[in-house]
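Peer 1: Okay, here's what each chain looks like letter by letter:
2 protein chains.
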Amino acid sequence: MSAYGSVTPALIDTLRAVVGPDHVLTDPEELAVLGRDFTEDLQGRPDVAVAPGCTAEVAEVLRLASRERVPVVARGGGTGLSGGAVPLEGGIVLSTRRMNRILEIDRENLFAVVQPGVITQTLQDAVEEFGLFYPPDPASKGSCAIGGNVAECAGGPRCVKYGITRDYVTGLEAVLPSGEVLRVGGKLLKDVTGYDLVGLLVGSEGTLAVVTEVTLKLIPLPRRVRTLMAPFPSLEAAASAVGGIFQAGIVPSCCELLARAALRVAEEHVGRNFPNEVREAEATLLLEVDGQREEDVDRDAMALGELCLQLGADDVLLAQSPAHARELWAIRRAMGEAVKAQGPYREYDVSVPRARIPEALRAIDEVTARHGVRHLSYGHAGDGNLHVNVLRDGLSPERWEAVLAACGPEIIRRIVALGGTISGEHGIGCVQRELMPLRLGPAELRLCRAIKQAFDPQGILNPGKLLPDEAPAS
Amino acid sequence: MSAYGSVTPALIDTLRAVVGPDHVLTDPEELAVLGRDFTEDLQGRPDVAVAPGCTAEVAEVLRLASRERVPVVARGGGTGLSGGAVPLEGGIVLSTRRMNRILEIDRENLFAVVQPGVITQTLQDAVEEFGLFYPPDPASKGSCAIGGNVAECAGGPRCVKYGITRDYVTGLEAVLPSGEVLRVGGKLLKDVTGYDLVGLLVGSEGTLAVVTEVTLKLIPLPRRVRTLMAPFPSLEAAASAVGGIFQAGIVPSCCELLARAALRVAEEHVGRNFPNEVREAEATLLLEVDGQREEDVDRDAMALGELCLQLGADDVLLAQSPAHARELWAIRRAMGEAVKAQGPYREYDVSVPRARIPEALRAIDEVTARHGVRHLSYGHAGDGNLHVNVLRDGLSPERWEAVLAACGPEIIRRIVALGGTISGEHGIGCVQRELMPLRLGPAELRLCRAIKQAFDPQGILNPGKLLPDEAPAS
Chain A
111 MSAYGSVTPA
121 LIDTLRAVVG
131 PDHVLTDPEE
141 LAVLGRDFTE
151 DLQGRPDVAV
161 APGCTAEVAE
171 VLRLASRERV
181 PVVARGGGTG
191 LSGGAVPLEG
201 GIVLSTRRMN
211 RILEIDRENL
221 FAVVQPGVIT
231 QTLQDAVEEF
241 GLFYPPDPAS
251 KGSCAIGGNV
261 AECAGGPRCV
271 KYGITRDYVT
281 GLEAVLPSGE
291 VLRVGGKLLK
301 DVTGYDLVGL
311 LVGSEGTLAV
321 VTEVTLKLIP
331 LPRRVRTLMA
341 PFPSLEAAAS
351 AVGGIFQAGI
361 VPSCCELLAR
371 AALRVAEEHV
381 GRNFPNEVRE
391 AEATLLLEVD
401 GQREEDVDRD
411 AMALGELCLQ
421 LGADDVLLAQ
431 SPAHARELWA
441 IRRAMGEAVK
451 AQGPYREYDV
461 SVPRARIPEA
471 LRAIDEVTAR
481 HGVRHLSYGH
491 AGDGNLHVNV
501 LRDGLSPERW
511 EAVLAACGPE
521 IIRRIVALGG
531 TISGEHGIGC
541 VQRELMPLRL
551 GPAELRLCRA
561 IKQAFDPQGI
571 LNPGKLLPDE
581 APAS
Chain B
111 MSAYGSVTPA
121 LIDTLRAVVG
131 PDHVLTDPEE
141 LAVLGRDFTE
151 DLQGRPDVAV
161 APGCTAEVAE
171 VLRLASRERV
181 PVVARGGGTG
191 LSGGAVPLEG
201 GIVLSTRRMN
211 RILEIDRENL
221 FAVVQPGVIT
231 QTLQDAVEEF
241 GLFYPPDPAS
251 KGSCAIGGNV
261 AECAGGPRCV
271 KYGITRDYVT
281 GLEAVLPSGE
291 VLRVGGKLLK
301 DVTGYDLVGL
311 LVGSEGTLAV
321 VTEVTLKLIP
331 LPRRVRTLMA
341 PFPSLEAAAS
351 AVGGIFQAGI
361 VPSCCELLAR
371 AALRVAEEHV
381 GRNFPNEVRE
391 AEATLLLEVD
401 GQREEDVDRD
411 AMALGELCLQ
421 LGADDVLLAQ
431 SPAHARELWA
441 IRRAMGEAVK
451 AQGPYREYDV
461 SVPRARIPEA
471 LRAIDEVTAR
481 HGVRHLSYGH
491 AGDGNLHVNV
501 LRDGLSPERW
511 EAVLAACGPE
521 IIRRIVALGG
531 TISGEHGIGC
541 VQRELMPLRL
551 GPAELRLCRA
561 IKQAFDPQGI
571 LNPGKLLPDE
581 APAS
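The listed protein sequences derive, respectively, from chains A and B. Following this note's numbering, the numbering of the first sequence begins with 111 at its first residue and continues without gaps. Following this note's numbering, the numbering of the second sequence begins with 111 at its first residue and continues without gaps.
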């Protein structure tokens with residue numbers, strides 16, 4: 111079925127000449143590692159991996175791949191959660207690991223210009239030294255790369271106040287499969303010169319072009335952060351409190367929802383417990399406020415705590431020090447790992463209007479119970495993004511596949527009926543692409559396909575991702 | 111050259127049947143009004159104007175137009191500044207004036223759902239009653255429509271803190287020329303389900319689809335605003351102070367640059383003067399800070415004033431009341447009208463990295479002086495967006511055309527060399543489209559054309575806008 115060309119020894123030789131022999135991998139074991147990301151249990155089989163050192167080398171690799179009609183899958187930190195970096199059709203893995211320089215931190219204009227292989231946390235630390243802030247904070251920020259963040263339009267807890275990756279990308283250099291180098295946007299806060307190609311490339315999951323340079327907007331670093339936990343007697347109470355917080359004019363910098371089941375699993379995983387008030391609650395909000403002045407933020411934290419009590423919280427726990435806040439966050443951040451430790455699972459990264467979170471969770475309870483499976487769910491209550499993890503537990507692999515095949519579309523249909531969508535921040539990749547027609551109509555899908563065709567007429571960039579097959583999959 | 115069909119009496123009859131006879135205009139004088147927007151002196155000649163009352167009627171109008179291959183130009187408030195609503199090839203003007211309902215103000219989720227004909231200020235006033243805020247504030251906010259704001263990705267002074275129209279549009283219903291109705295996005299703060307069609311439609315200047323419903327993110331209303339004016343001895347001093355303000359961690363909600371010449375013209379126009387300290391200064395910053403708590407904002411205003419003095423301001427004037435602030439803004443807001451009152455002019459809506467503003471203004475001084483013309487320039491110093499108005503003054507129309515033909519490309523080349531772009535917030539429309547190759551390369555233009563082709567294969571939506579002709583214009 112694949113119309114792709116093969117990676118021949120001659121092509122590998124040419125790739126060695128382009129990027130240098132030390133930067134071409136052909137060892138099967140090493141390639142196997144580059145065939146995975148953090149998505150459950152996917153394993154791709156690339157034929158070769160290259161690590162170009164500059165844009166010109168990326169362009170030459172893409173020209174060669176186009177000539178030979180060989181798939182190219184760009185790879186950053188490999189921490190994606192939808193299979194975005196998994197090479198489904200073999201071909202070339204193009205690693206950005208050598209293109210990992212922060213090219214500029216422009217303190218006059220408040221922008222950073224970086225290569226795609228820069229680790230997100232590295233950038234955040236670097237700009238923080240100048241009192242600047244790059245807010246997007248995916249859970250994997252210590253190991254994910256900016257290029258991958260751009261490809262997936264990464265999110266994180268702080269998006270509720272600060273927005274998503276797309277809100278910070280103002281300029282891109284990217285290479286088309288033809289080898290042509292695009293330069294779009296720049297250090298510009300306003301730019302309406304033509305269609306928004308920058309925004310279109312962000313979140314395109316490596317299917318349109320390979321990003322080689324990113325211009326990112328920076329903002330002043332909030333110098334003070336306070337962390338609170340507010341346990342509530344029910345999910346409904348916690349979720350409706352979130353609405354009340356925003357209506358009161360407070361925009362928390364994080365607003366995470368921890369339902370009891372997920373919280374317990376995380377506690378077990380890290381071997382540390384939350385305070386009893388939180389452990390016993392049906393649902394807890396983990397909240398942060400931030401700002402420039404210590405006294406303002408302290409007062410905001412007190413006001414937010416008071417408000418939570420008025421809105422039905424059983425209690426409010428204010429972290430007494432940054433160390434105490436880190437402890438609370440450590441449990442929250444362990445949730446992804448804790449879920450993994452439960453054994454095989456499938457994650458749905460749904461997003462709904464935030465007031466619909468209780469209904470969404472009840473719908474998921476209902477669907478999973480009917481299919482006899484458990485789910486562990488948690489997420490970003492402030493922005494309506496929930497990570498729903500359905501667990502295989504004792505099911506046989508065959509039964510599990512059958513349950514997922516039935517359960518997944520049911521969950522997404524229920525979410526879409528609530529005004530929600532398939533993915534909030536992890537991307538569609540390969541694991542969710544066959545669900546796309548549940549959310550996008552035929553015209554929307556046709557337009558997405560036409561855009562793909564315009565950028566990548568041979569379909570060599572990250573095949574099998576984002577868009578469903580045109581004919582229904584067998 | 112035009113391959114468009116004619117608007118026949120039979121088509122007009124059919125349009126009357128679709129939208130109702132009262133909502134079809136054929137009177138030449140009324141049509142002449144609908145052939146203009148606020149762009150200098152353009153006059154289009156539509157054959158007919160229709161005002162559909164609902165999405166189904168818009169879809170039917172577009173189906174008919176596609177069948178007959180007749181151009182369709184969507185029209186909101188008609189206040190655009192790049193000719194976006196001017197029907198260059200005749201055809202149908204599709205007015206959204208009847209689709210002017212605020213469908214929902216969702217206080218739980220903080221979104222508004224509106225029809226495209228809602229006036230921006232009307233929406234702002236409506237949400238303000240609930241303590242909510244829709245920040246984008248183009249100068250014409252009292253008469254421009256949300257649909258037009260979406261088409262042009264409108265900006266305004268508050269963008270420096272709050273972002274542009276695209277940052278607030280999370281969902282769209284839009285009709286393709288085929289009559290198919292797209293529904294993309296929703297009341298979602300995070301959505302990475304497929305390519306970003308919402309962001310692509312924003313700023314597409316009516317060339318891809320006709321927007322029929324808009325979902326807009328709202329935020330808590332800042333309850334307190336303070337206004338300051340800080341006169342500086344030079345443009346450089348004022349511009350570098352802007353960088354210093356952001357580096358100090360203060361994000362003003364407005365940061366406008368008033369150069370002396372433009373300021374004097376505005377004073378004359380409104381017949382009121384700024385205080386003497388401001389009148390004598392080479393350049394003045396008009397600044398605002400806002401927030402939830404009176405005492406915080408007052409303190410921010412004092413701190414900002416102190417900082418301006420440290421950064422070289424000759425003086426700082428703090429508006430003592432909302433009425434006083436309105437007086438200062440009245441002069442600033444009069445600038446557009448004051449420029450118009452000078453006689454024929456051509457506006458360039460350039461955008462540069464903000465630290466480059468002094469260089470940009472010097473470059474424009476140099477180019478215009480060389481061509482023997484004056485310019486009046488002012489703009490949004492905080493986000494680098496300058497409105498450069500080149501005045502015809504005593505030049506003959508022929509000489510004026512010749513000067514513009516030489517001057518425009520020179521200005522844009524100089525701006526692009528500074529990392530800037532052709533348009534920050536007014537759009538490309540017809541007046542700047544032939545300048546596009548100075549900013550976008552062949553690959554970028556080809557991609558834009560392919561996107562246009564995917565949405566509008568017959569090219570009936572707003573022909574002659576945004577993209578330059580493929581063959582060089584004669």
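Honestly, the hints are just simulated from the structure, not real lab data. A few of these clues could be false.
One copy or two, it doesn't matter: identical chains are merged, so the pair holds either way.
DMTMM-like cross-link-like pairs, simulated, lysine to aspartate or glutamate; straight-line CA separation at most 20 Å [what the hints assert, rightly or not]: (1) 271 with 216; (2) 271 with 218; (3) 251 with 580; (4) 450 with 123; (5) 327 with 277; (6) 327 with 511; (7) 327 with 235; (8) 327 with 216.
Peer 1: Up to 20 Å between alpha-carbons, please classify residue 271 paired with residue 218: within, between, both or neither.
Peer 2: For residue 271 and residue 218, the Cα distance is within 20 Å only across copies (16 Å; inside one copy 24 Å).
Peer 1: Check residue 327 against residue 277 for me: Cα-Cα at most 20 Å, and say if that holds within a copy, between copies, both or neither.
Peer 2: both (8 Å within a copy, 14 Å between copies)
Peer 1: With 20 Å as the alpha-carbon cut-off, assign the pair residue 251 and residue 580 to within, between, both or neither.
Peer 2: This pair counts as neither: shortest intra-copy Cα distance 35 Å, inter-copy 44 Å.
Peer 1: Measure nothing new, just compare the shortest in-copy and cross-copy C-alpha distances for residue 327 and residue 235 to 20 Å and report within, between, both or neither.
Peer 2: Within. Shortest intra-copy distance 15 Å satisfies the 20 Å Cα cut-off; inter-copy 31 Å does not.
Peer 1: I want to check one pair: residue 327 and residue 511. Are their C-alpha atoms no more than 20 Å apart within a copy, between two copies, both, or neither?
Peer 2: neither (43 Å within a copy, 39 Å between copies)
Peer 1: Can you give me the call for residue 327 and residue 216, within, between, both or neither, at a CA distance of at most 20 Å?
Peer 2: Within one copy, since 10 Å is at most 20 Å while 30 Å is not.
Peer 1: My question is about residue 271 and residue 216: at a cut-off of 20 Å on alpha-carbon distance, are they close within one copy, between copies, both, or neither?
Peer 2: between (23 Å within a copy, 18 Å between copies)
Peer 1: What label fits residue 450 with residue 123 when the C-alpha limit is 20 Å: within, between, both, or neither?
Peer 2: neither (40 Å within a copy, 65 Å between copies)
In the structure shown, a violation is registered for the earlier hints numbered 3, 4, 6, in ascending order.
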